[in-house]
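Participant: Here the protein sequences come in this chain order: A and B.
Residues in the first sequence are numbered consecutively from 1, following the numbering used here.
Residues in the second sequence are numbered consecutively from 1, following the numbering used here.
Think of the hints as simulated: they come from the structure by calculation, not from any bench.
The model shown is predicted, which means the values in this text are computed figures rather than measured ones.
There's no promise every hint is true.
Per the computed footprint, the stretches of chain B lying under chain A, defined by three or more beta-carbons under 8 Å from a beta-carbon of chain A, are [unchecked claim]:
no.	region
1	99 to 110
2	331 to 342
3	420 to 432
These stretches of chain B come out as covered by chain A in the derived footprint (C-beta under 8 Å, 3 or more residues) [as the list claims (entries may be wrong)]:
no.	region
4	29 to 36
5	147 to 158
6	176 to 183
7	200 to 212
8	346 to 359
A few chain A residues facing chain B, derived, Cβ under 7 Å [said to hold, decoys possible]:
no.	residue
9	30
10	99
11	124
12	148
13	186
14	215
15	324
16	351
17	352
18	412
19	415
Even for Gly, the Cβ is constructed at its ideal location relative to N, Cα and C.
Number of protein chains: 2
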Amino acid sequence: MHKLKRYERFADDIAELIRTGVLLPNQRVPSVRHASRTYGVSPATVFKAYYLLEDRGLIQARERSGYYVREHAQRPLQQPGIGPRQLHATEVGVSELVFSVLGSLKDPHTVPFGSAFPSPDLFPLGRLARSMGQSLRRLKPFDVIADMTAGNADLRRQIALRYRLSGALLAQEELVITNGALEALNLCLQAVTVPGDLVAIEAPAFYAALQVLERLKLKAVEIPVHPRTGIDLQVLEDSLARLPIKACWLMSSFQNPLGASLSAASGQAVAALLQRYQVPLIEDDVYAELYYGSQPPRPLKYYDQQGLFMHCGSFSKSLAPGYRVGWVAAGRFAEKVSQLKLMTTLSPSVPAQAAIADYLQQGGYDRHLRKLRHQLQAQQAAMLASAARHFPASTKVTQPQGGYFLWFEFPEQVDALKLFRLALAHGISLAPGPIFSATRGFGHCARLNHGHPWGAQSEQAMAVLGQLLQHEASVATTEDAVADVQPSVGA
Amino acid sequence: MHKLKRYERFADDIAELIRTGVLLPNQRVPSVRHASRTYGVSPATVFKAYYLLEDRGLIQARERSGYYVREHAQRPLQQPGIGPRQLHATEVGVSELVFSVLGSLKDPHTVPFGSAFPSPDLFPLGRLARSMGQSLRRLKPFDVIADMTAGNADLRRQIALRYRLSGALLAQEELVITNGALEALNLCLQAVTVPGDLVAIEAPAFYAALQVLERLKLKAVEIPVHPRTGIDLQVLEDSLARLPIKACWLMSSFQNPLGASLSAASGQAVAALLQRYQVPLIEDDVYAELYYGSQPPRPLKYYDQQGLFMHCGSFSKSLAPGYRVGWVAAGRFAEKVSQLKLMTTLSPSVPAQAAIADYLQQGGYDRHLRKLRHQLQAQQAAMLASAARHFPASTKVTQPQGGYFLWFEFPEQVDALKLFRLALAHGISLAPGPIFSATRGFGHCARLNHGHPWGAQSEQAMAVLGQLLQHEASVATTEDAVADVQPSVGA
Numbered sequence: 001m002h003k004l005k006r007y008e009r010f011a012d013d014i015a016e017l018i019r020t021g022v023l024l025p026n027q028r029v030p031s032v033r034h035a036s037r038t039y040g041v042s043p044a045t046v047f048k049a050y051y052l053l054e055d056r057g058l059i060q061a062r063e064r065s066g067y068y069v070r071e072h073a074q075r076p077l078q079q080p081g082i083g084p085r086q087l088h089a090t091e092v093g094v095s096e097l098v099f100s101v102l103g104s105l106k107d108p109h110t111v112p113f114g115s116a117f118p119s120p121d122l123f124p125l126g127r128l129a130r131s132m133g134q135s136l137r138r139l140k141p142f143d144v145i146a147d148m149t150a151g152n153a154d155l156r157r158q159i160a161l162r163y164r165l166s167g168a169l170l171a172q173e174e175l176v177i178t179n180g181a182l183e184a185l186n187l188c189l190q191a192v193t194v195p196g197d198l199v200a201i202e203a204p205a206f207y208a209a210l211q212v213l214e215r216l217k218l219k220a221v222e223i224p225v226h227p228r229t230g231i232d233l234q235v236l237e238d239s240l241a242r243l244p245i246k247a248c249w250l251m252s253s254f255q256n257p258l259g260a261s262l263s264a265a266s267g268q269a270v271a272a273l274l275q276r277y278q279v280p281l282i283e284d285d286v287y288a289e290l291y292y293g294s295q296p297p298r299p300l301k302y303y304d305q306q307g308l309f310m311h312c313g314s315f316s317k318s319l320a321p322g323y324r325v326g327w328v329a330a331g332r333f334a335e336k337v338s339q340l341k342l343m344t345t346l347s348p349s350v351p352a353q354a355a356i357a358d359y360l361q362q363g364g365y366d367r368h369l370r371k372l373r374h375q376l377q378a379q380q381a382a383m384l385a386s387a388a389r390h391f392p393a394s395t396k397v398t399q400p401q402g403g404y405f406l407w408f409e410f411p412e413q414v415d416a417l418k419l420f421r422l423a424l425a426h427g428i429s430l431a432p433g434p435i436f437s438a439t440r441g442f443g444h445c446a447r448l449n450h451g452h453p454w455g456a457q458s459e460q461a462m463a464v465l466g467q468l469l470q471h472e473a474s475v476a477t478t479e480d481a482v483a484d485v486q487p488s489v490g491a
Numbered sequence: 001m002h003k004l005k006r007y008e009r010f011a012d013d014i015a016e017l018i019r020t021g022v023l024l025p026n027q028r029v030p031s032v033r034h035a036s037r038t039y040g041v042s043p044a045t046v047f048k049a050y051y052l053l054e055d056r057g058l059i060q061a062r063e064r065s066g067y068y069v070r071e072h073a074q075r076p077l078q079q080p081g082i083g084p085r086q087l088h089a090t091e092v093g094v095s096e097l098v099f100s101v102l103g104s105l106k107d108p109h110t111v112p113f114g115s116a117f118p119s120p121d122l123f124p125l126g127r128l129a130r131s132m133g134q135s136l137r138r139l140k141p142f143d144v145i146a147d148m149t150a151g152n153a154d155l156r157r158q159i160a161l162r163y164r165l166s167g168a169l170l171a172q173e174e175l176v177i178t179n180g181a182l183e184a185l186n187l188c189l190q191a192v193t194v195p196g197d198l199v200a201i202e203a204p205a206f207y208a209a210l211q212v213l214e215r216l217k218l219k220a221v222e223i224p225v226h227p228r229t230g231i232d233l234q235v236l237e238d239s240l241a242r243l244p245i246k247a248c249w250l251m252s253s254f255q256n257p258l259g260a261s262l263s264a265a266s267g268q269a270v271a272a273l274l275q276r277y278q279v280p281l282i283e284d285d286v287y288a289e290l291y292y293g294s295q296p297p298r299p300l301k302y303y304d305q306q307g308l309f310m311h312c313g314s315f316s317k318s319l320a321p322g323y324r325v326g327w328v329a330a331g332r333f334a335e336k337v338s339q340l341k342l343m344t345t346l347s348p349s350v351p352a353q354a355a356i357a358d359y360l361q362q363g364g365y366d367r368h369l370r371k372l373r374h375q376l377q378a379q380q381a382a383m384l385a386s387a388a389r390h391f392p393a394s395t396k397v398t399q400p401q402g403g404y405f406l407w408f409e410f411p412e413q414v415d416a417l418k419l420f421r422l423a424l425a426h427g428i429s430l431a432p433g434p435i436f437s438a439t440r441g442f443g444h445c446a447r448l449n450h451g452h453p454w455g456a457q458s459e460q461a462m463a464v465l466g467q468l469l470q471h472e473a474s475v476a477t478t479e480d481a482v483a484d485v486q487p488s489v490g491a
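Model the full structure from these sequences, guided by the hints.
Facilitator: Structure representation (structure tokens):
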């Protein structure tokens, strides 16, 4: 969609040097003159690239001395490794745990590290409201009924256009507009399974995927995910070869909760595997627009030659939270998915569809997205730095190149569910590891949300978490940790 | 909600005389002076009552001679009887048939007798758009996320208030806002059943109920419905006594497709039965607001002492089609239903909820409803009169006291599915009987929608249907009926 400018490409190169540790924290980045000469770009391009990197929170200017890598731009904590492989299917029973975590987020005074959403302050709600007004004035009464079945025609056109601009050619008829991506995922899974079937999912996985499996009485075959490179190809292949797997549900980019992304080569390999075994893919790609680099990641759907892959997207995480408008490009399953939708909810809200269609037509979505990505990346840097200051040194943490989640692996003695309860008593929410696992694994892990503007309250909350962690890591058996730490952080 | 005025009570009395045939078509209604003396009401009250009856299409003024019963005010066609009783459970497989009917409604030029919705022109879409604008300006960013789980607080208050005004006291916590009533019905059924369970439903029944049963692999126990008095109490009791029924899904008022309503006594009896056998009720009450009389019908939920009844309502048929906002007062199952919603669609659109809440707070809903009811009643009278003019004399038809459906029982030789195809070739849709039955019964019946303003096109469409019916009734075996009748009606 967004054609890469030269200064953006150059900024990406420098960011990669920082990420991989070639440029270290507090190290001076090449001077403008030096960089211009070395990389063969104009001084203006270097200036613009450095300005962009400063905006992303990776470097900072020091008066009269040039640009330096920020202290927290590079990861001071280690990256976690991959989980154990398990070649068997598991009945799922995680819902109650998830609901207790979700329930903890209702209080607006709780520090929302456990939230699944970025801050609604990051979205153009005013502009959307104007689009709503304009589109409702234009909407003819018959549209209100007609748009219920196929979905708003303008919206479907706009979504198809965005696919086309990103290189994926698909027929508009493949698109089904849904009540958020969550409904799309539910319907896709129902379209290709019956109760008792085996479904390959990631470990750890988005908890809603586990809940859907539980509700539909499907069995999970957990495939380990590497925190940086994504799903384990070898285990996936073994599982497909040895078990009668009926569907595969995965996130190719900024996987929830790990933030892992498949490389282009791995993506192509996964796509080839699924096609070889003729296993339908349900691709949850709700963070697709939240990449920090200058190029969007390529979904597996891109490699779909046979209509076997269902690609689920949403505006909830990138534009319009609460509007509940998502979609699926469902390939050969489009009619089945559409029929299931007619039977269960009939249609997403017509005004919400029309408002988003108008917003997309007016333009400005890509500008909003660029700003949003920079904010999320800067907030990630702030949370990483804060974790390095406060958490035990043996803590491991991911550093995804998109989205708004960090995944922490704490010292083994830490019980994430206990930590969840202790933190909540201090007005801080978090998403404990076990809710992301059919087998209740990841007991010493947690997902923290950095989708909210960073401030003193966030910093203080990290300090409290740090104290709780230090205490738990040293005396994991005592139950009186609550009394030992700072008072609560929530206002 | 609406306290009955004296002239409205008097108008209802006269309407009942017309309905029961005490006053016949073209008969003069009592003069104002006579009525005033006989019934002990003021002349002004009589005047207002007659004006109201004229508005409802039941009587008309003739110059210098007073008011007369309109020709089509009373039913010239017979009422149908009750279907056969079947004390066994049936696997459901009706979906494909339903989708072919639904698909026929997409063309805006088709005469929409087969539609499930009233004309969107009957709704205050402009006023709703203004409420949308106002509520979006008021909405705080955090609300966008908070309103997703519990639902918009103002909306829940307004719905609870309307229950309270109608005499049903319920806790706001019992209310779950859903994507239309259809999602509510789906979730309720899931909350109390597992695949393979038996569910008591009506015969004929709303086709979506059959589709949900099919999708959830539940078995239908069909209880016959009398076209005027509703579900057969004796068969229901026998079924509950002899079969392990896990839930009962029914419509107590203006049942779809028959339009039947339970009397207060029958309603109380059904409620007592379900409570005796401890069978949860899923009460589909989406036409509750569309009553023609002066008093709202009383839902079975009114008699619920144990939180056993789930009462599903919606704004889709009475205020805001396409907004997809419904709800359920789910009694003791509220938490379970709410959790199922979080797992499948998360939430209905927050702006749509806020707009309806604002509209309800502004007032004017009851005024709109009174106007809507009069329109629907007048359109019913027009369709009944037209059917009497054009359809075979042996056709039977219901005359519901609310809603916007008529149920026709044609001569036995008529194949409703063939009629559906023939009519569609002439640009006319209808809902053939078999889509309302798990056992593909009602082969010579159809449901016709009178929810659209009556005009020359409607009249012509009825004439074409009449010709098709006369032809089918006389030579039911020939297949060349299409050529024999008028050209198509659709614009």
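Participant: Hint by hint, where does the structure go against what was stated? Just the numbers, ascending.
Facilitator: 3, 4, 9, 11, 18 and 19
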